[in-house]
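Participant: Position in the sequence shown (from 1) plus 339 gives the number in my numbering.
There could be a bad hint or two in this list.
[As the list claims (entries may be wrong)] Computed cross-link-like contacts, SDA-like style, restricted to lysine to any residue with a CA-CA straight-line distance of at most 20 Å:
1) K356 - S375
2) K356 - I377
3) K356 - S410
4) K364 - N403
5) K389 - N402
No lab work stands behind these hints, which were simulated from the structure alone.
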Amino acid sequence: MDNVNVQRLNKMLAYLKSKQRELKKQNDNDTRSLESMIKYLKKDMLEQFKLHHYDIYIKNEINNTETFIQSVQSIIDSNSQ
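Using the sequences plus the hints, can you model the full thing?
Facilitator: Here it is as C-alpha cells:
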C-alpha cells in the first residue's frame, strides 16, 4: 500500500474510532443512525482500500467494530514502515 493510501486509511480509521466512541456514549438513545454510519464506513474502507489483500480474515471481522479497528490499525502499522 502506498504512503498516500496509508495516510487516507489512517484518517478514515480515526473517524471510525470517533464514531464508535460516540456510539458507546449514547447508551439508551436512538443509535440507529450512528450504527448505520459505522457499518457504511467499514464497508467503504474494505472496498476502497481492498483490505482483504492485507488481511484475509478482515471480512469476517466486519461485524465486530472493535476487532475491525484493531485489524485496520495492524494493516496501517505494517504498511507505514
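Participant: Decide, hint by hint, whether the structure agrees.
Facilitator: Now the hints, each set against the structure:
1. Distance check on the hinted pair: K356 and S375 sit about 14 Å apart at the alpha-carbon level, within 20 Å; holds.
2. Straight-line distance between C-alpha atoms of K356 and I377 comes to about 9 Å, which keeps the hinted pair within the 20 Å bound.
3. Between K356 and S410 the CA atoms are separated by roughly 13 Å; this keeps the pair inside 20 Å, and the hint holds.
4. Among the hinted pairs, K364 with N403 is consistent with the structure: their alpha-carbon atoms are about 17 Å apart, no more than 20 Å.
5. The straight-line distance between the Cα atoms of K389 and N402 is roughly 17 Å, inside the 20 Å bound, and the hint therefore holds.
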